[in-house]
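Protein chains in written order, with UniProt numbering: chain E, 1 to 103; chain G, 1 to 103; chain R, 1 to 103; chain F, 1 to 323; chain H, 1 to 323; chain V, 1 to 323.
Honestly, the hints are just simulated from the structure, not real lab data. Treat each hint with caution, since some may be false.
Cβ pair distances, simulated, as ranges [unchecked claim]:
| no. | chain 1 | residue 1 | chain 2 | residue 2 | range |
| --- | --- | --- | --- | --- | --- |
| 1 | F | L63 | V | L9 | 37 to 43 Å |
| 2 | H | V232 | G | V98 | 23 to 29 Å |
| 3 | F | A70 | H | A170 | 50 to 56 Å |
| 4 | H | Q59 | F | L63 | 24 to 30 Å |
| 5 | G | G46 | V | R151 | 54 to 60 Å |
| 6 | V | G60 | R | D23 | 58 to 64 Å |
| 7 | H | K163 | F | H58 | 55 to 61 Å |
| 8 | H | V232 | V | L63 | 46 to 52 Å |
| 9 | G | A5 | R | G70 | 16 to 22 Å |
Glycine residues also receive a C-beta, built at the ideal position from the N, C-alpha and C atoms.
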Amino acid sequence: MQMFAKKRVEILIERALLKRLTDELVSAGVSGFSVVPLAAGRGQAGQWDSDGQIGDAAGMFALWCIVDPGRLDGLLEAVFAIVSRQVGLVSVSDVEVVRPERF
Amino acid sequence: MQMFAKKRVEILIERALLKRLTDELVSAGVSGFSVVPLAAGRGQAGQWDSDGQIGDAAGMFALWCIVDPGRLDGLLEAVFAIVSRQVGLVSVSDVEVVRPERF
Amino acid sequence: MQMFAKKRVEILIERALLKRLTDELVSAGVSGFSVVPLAAGRGQAGQWDSDGQIGDAAGMFALWCIVDPGRLDGLLEAVFAIVSRQVGLVSVSDVEVVRPERF
Amino acid sequence: MLALAVQNLVSPPVLFFGMGLGASLGRSDLSVPEAIARFLSLYLLISIGFRGGAEVAHQGLTLTLVATIAAGIALSGGLPFLAYAFLRNVAGLDHINAAAVAGHYGSISAVTFVAVTGALTQLALPFDGYMIAVAAAMETPAIFSALFIARTGRGRTEGEMPKDFLREIALNGSIVALLGAFAVGCITGERGMTSLKPFLLDAFAGFLCIFLLDMGLIAGRGLRDGWRSLSVPVAAFAWVMPLVGAALAAALAWLIGLRAGSTAVLMTLGASASYIAVPAAMRLALPAANPAIALTLSLGLTFPFNLTVGIPLYIAAAQMIAE
Amino acid sequence: MLALAVQNLVSPPVLFFGMGLGASLGRSDLSVPEAIARFLSLYLLISIGFRGGAEVAHQGLTLTLVATIAAGIALSGGLPFLAYAFLRNVAGLDHINAAAVAGHYGSISAVTFVAVTGALTQLALPFDGYMIAVAAAMETPAIFSALFIARTGRGRTEGEMPKDFLREIALNGSIVALLGAFAVGCITGERGMTSLKPFLLDAFAGFLCIFLLDMGLIAGRGLRDGWRSLSVPVAAFAWVMPLVGAALAAALAWLIGLRAGSTAVLMTLGASASYIAVPAAMRLALPAANPAIALTLSLGLTFPFNLTVGIPLYIAAAQMIAE
Amino acid sequence: MLALAVQNLVSPPVLFFGMGLGASLGRSDLSVPEAIARFLSLYLLISIGFRGGAEVAHQGLTLTLVATIAAGIALSGGLPFLAYAFLRNVAGLDHINAAAVAGHYGSISAVTFVAVTGALTQLALPFDGYMIAVAAAMETPAIFSALFIARTGRGRTEGEMPKDFLREIALNGSIVALLGAFAVGCITGERGMTSLKPFLLDAFAGFLCIFLLDMGLIAGRGLRDGWRSLSVPVAAFAWVMPLVGAALAAALAWLIGLRAGSTAVLMTLGASASYIAVPAAMRLALPAANPAIALTLSLGLTFPFNLTVGIPLYIAAAQMIAE
Ligand SMILES: Nc1ncnc2c1ncn2[C@@H]1O[C@H](COP(=O)(O)O)[C@@H](O)[C@H]1O
Ligand SMILES: Nc1ncnc2c1ncn2[C@@H]1O[C@H](COP(=O)(O)O)[C@@H](O)[C@H]1O
Ligand SMILES: Nc1ncnc2c1ncn2[C@@H]1O[C@H](COP(=O)(O)O)[C@@H](O)[C@H]1O
Ligand code: NA
Ligand code: NA
Ligand code: NA
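Chain E on its own, in the form it takes in the complex (with noise of 0.2 Å):
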């Protein structure tokens, strides 16, 4: 099957931000993403879990978003420029899709 080289990028995120970030996305142009919950982590910040929270501001979550590589700085710029002090981690990595037509 022929395949077509994109950029993977994966973003943590706690929930408070994520409605800024995702409206950021958006606006960037991005066609799509996807959010999966975290149930536990640990980072600069120490070790948390999500069985241990409370409040409305608690949890955190991975987003990634397939995208064409030509498109990966102005998406990664404007996440930055937007949440630079607040976002989590950003990594990217190289996968291949199948159908090309929508990213």
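Fit chains G, R, F, H and V with the ligands to the given chain E structure using the hints.
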């Protein structure tokens, strides 16, 4: 540590179709897979959120399986042949594993 | 944007063993990790579903951490040394990050 | 009837639905966790199933039961053809979406069932316990009619019947919960009712309010996102079809000789549209249909219509018919 | 007062809180699933909102309502300035964290509200149903004060007001649930109360216990992880500030002429600190602040303080003031 | 006794268990969300713990309490040796799996405990409130016996005691919830019971039914997937071992001079096998054991056996013994 190259296939799929996809994977001889629930997402069909859903068809999942590169084409063809119209985003990436015997 | 190459290690692990794994990672000096709950899966031990489970041992998680390539071998050895018999699927892939200082 | 309509409108469940609708149209971040919504839906099914069974254990099976179930099956299987004709010819929807939507309107909504029984209880209008069995019998025939419609026509290949589809439909979780609880109610009767009353009966109104709050949130979201894809005649369908379904149900009830309460229930079942079980079946069998259309119609337009205008109307009509 | 304090201390909710605290300090793996915690918080808001509304429907609106709401807004808006002054000058916290913590202490904690009303009910000390509306009015002014404080000072750029921020704050899920249920209670009054009593009233104490068990677990974890980052004067703030808030509230209540029960409620609102709605707002508006500081203070120190020592004290004081 | 057995069989909880079993053997997609299952399990533990405590507060501690707890610990610690001998010599299971399964059968099942107390309440046969403390004491000794067995034998290295294992076992969530609620019940006594009765007592039967529905679904799934890996003698163990455990417990109860109700409870505790706490401990300590074997035996075979045949038998026997 010696590592062995494999492929990681990720398929986004609706709850209503998940069982059909996993049945298909099993009969295509895939040795294992893992499924993660999505909390939210956006695609051609618009934006959604798992808390804003009702019913037995609601919800999306990300299923991934790590397979030997030699089995990749067969797997993709089987998946697309059966659930072509309904299957969501399919992406493939490179991974390395430590114990090669199980794939 | 300038990017820096890192490794993404993903470990599938049962609920009962998660704490032991994270303790191990912390003492191996891993700076951070994230954990996602699996909803379903299939492996050598058969197929399972998070709704069809009971008890404090039930459930599986995917834990991943992004680490510097130089720390990869140490990490893998530490993980396998301690939880060899119980640890699930471990896979490693390449990612790029924007801020290298934290890994 | 107006008094009844007003009283129905200001009952806590309807107000909570309105609260959810308003919150979601105003883009509030209020939400009910998915696991809770699934639990509430299971609870409602078990509660109404169990109460129906206990009622049947109490009354015994009446002679009209078989006739009423047959009428329900006929309604569920027949209404999709009417719905399809309207959607194709009047509303101009395409073949496959018209078939899928038609399937939703033959089937029923358990919460609308609950709402009518609540209104009847408040009015002290008795209805038969076996109506819950009728509701269960009406869940699925519509799915097969929709498939039949989808396959009909020159060269159609849509509407495949996936492997295991029949078993999946018949053993659908909602139906098993409803009929299983009905059976438990039948078997344990009054003794079971005594032990389960605080949970299944007394707490029912509260759980229902939270479920309807969630339904309001979801309906509002559906309307916000989905109204653009609806033409006026398609939207009109969502208010016309319930009246057609209720009228047909009234005729059948009158033929069978049901009493006023049961007539109102059968009318409401005919008028209501599914948004839990049928969407899942349609995704499997008619993947080319756009699920948002049917869901916006049934949950966003028909459900609130029945809740506010429909049910008082059906009760009033049923009282006239059964006199 | 001592008897009251002891009785309060050995009430089931406080004991369940202590059980959670102990379990989590001892690193037990006991936990409450996140979806359940979110449901319980929604349930508590709906229950207290509905009961407040039903109470108002029963009593009618008294003349002092407007004055009390004004007092609540003044407290919520004003207390952050006092809190900031203390945190900066006495406790030596940095500008941005002091502003964020100050925002938490102007706002209120719904569960502390529940605890005081529970204690009043047990003492048969009546309070006004509209106090729930006062609580809702006190949720947000503090957020704006915190933003104002954060922006003040030479060259400050912190404290941006994100797009849509106002709407998000005003339509925050907690407030919508509270006020929505209050409205439903007002409209349906006694009739609504009859149908919802088993769920919203009778089961309340049980749900509250499980919620407080979870709060204890979370507070214990917060203390375990967070106490290292707290200096002694910052921790002292968590016990001093409630007394300041309660004293100011008492003065206002006395001016308005509230009765003893309502005075105790207003004092408790003044004394309590938010840990649900304000943290989310602060993450958006003051991203540079460390959320762990405010949460450890409000949930780990102030909340148990109010639950055990504060409430009996406020009630005793309120009785003296209102005499 | 037959009448009792039949009445037990047609009680709502057992029927809901059967409904779940049937649905899952028929591959229905009915399911209970994981978060709800975890909440229900927490609720059941808190409810039985609290009721036990309130009972003890009411009756005071009797002299036989210490003796009964000692008997419970002896049973929990001793039964695994019998179980291991049977599994190795009669059923031919390998060393490490036999040790793991043995650990499950020394420990207890909280839901089986609930079922026997429910049956006793219906029969108006009183039992002592402190039996809940006995149940808690029986949770863990079996784990250590299983570890001891696993390590025994030439050159064995299995059965490591992981760091922190002791604390993890002792502060296991189930035990903390049970004993914590027991303590709250003891302390608040009748006053606490009054406020919590609607939630913890009245609603209990309903929550139990939904939990058992879920247990049925899970047991059915376990049987479907797991029966292939079970030999006939291993399966026989699941029905023989409860009788052995119950007989030993009966002997001890007779020595202590327990009354009929408490004897039946102790017998049921001896007969029941763990499926919540022990599996987690075994995964940590005996990772080489296959968890599916123990779970299929305890949940798929022993649990329904006790629920249907065992409990009526134990009650009948206890009445004879205590006469
Ligand atoms: N190296 C890492 N790999 C994977 N996830 C990480 C890593 N570092 C941080 N995280 C995740 O990001 C969250 C916030 O990180 P931090 O801002 O460093 O506290 C953590 O709780 C983890 O869930
Ligand atoms: N480019 C993308 N990257 C990541 N996830 C996507 C992307 N496009 C679609 N999705 C996910 O797939 C779902 C269905 O997409 P669609 O069929 O395009 O509506 C969306 O709701 C997202 O969760
Ligand atoms: N090839 C695979 N790809 C993705 N996930 C897998 C794979 N094999 C196993 N898993 C996951 O690991 C779990 C345990 O695997 P096993 O130990 O082989 O039963 C399964 O239930 C799956 O969730
Ligand atoms: Na219908
Ligand atoms: Na305050
Ligand atoms: Na036992």
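The hints, checked one at a time:
1. F:L63 <-> V:L9: 37 to 43 Å: violated, 31 Å
2. H:V232 <-> G:V98: 23 to 29 Å: The hint (23 to 29 Å, Cβ to Cβ) is violated, given that H:V232 and G:V98 are roughly 50 Å apart.
3. F:A70 <-> H:A170: 50 to 56 Å: holds, 54 Å
4. H:Q59 <-> F:L63: 24 to 30 Å: For F:L63 against H:Q59, whose Cβ atoms are near 53 Å apart, the range 24 to 30 Å is violated.
5. G:G46 <-> V:R151: 54 to 60 Å: The hinted range 54 to 60 Å holds for G:G46 and V:R151, with Cβ atoms some 59 Å apart.
6. V:G60 <-> R:D23: 58 to 64 Å: violated, 44 Å
7. H:K163 <-> F:H58: 55 to 61 Å: Check passed, 60 Å falls within 55 to 61 Å.
8. H:V232 <-> V:L63: 46 to 52 Å: holds, 50 Å
9. G:A5 <-> R:G70: 16 to 22 Å: Cβ of G:A5 to Cβ of R:G70: about 21 Å, so the range 16 to 22 Å holds.
In summary, the structure is inconsistent with hints 1, 2, 4, 6 from the numbered list given earlier, while agreeing with the others.
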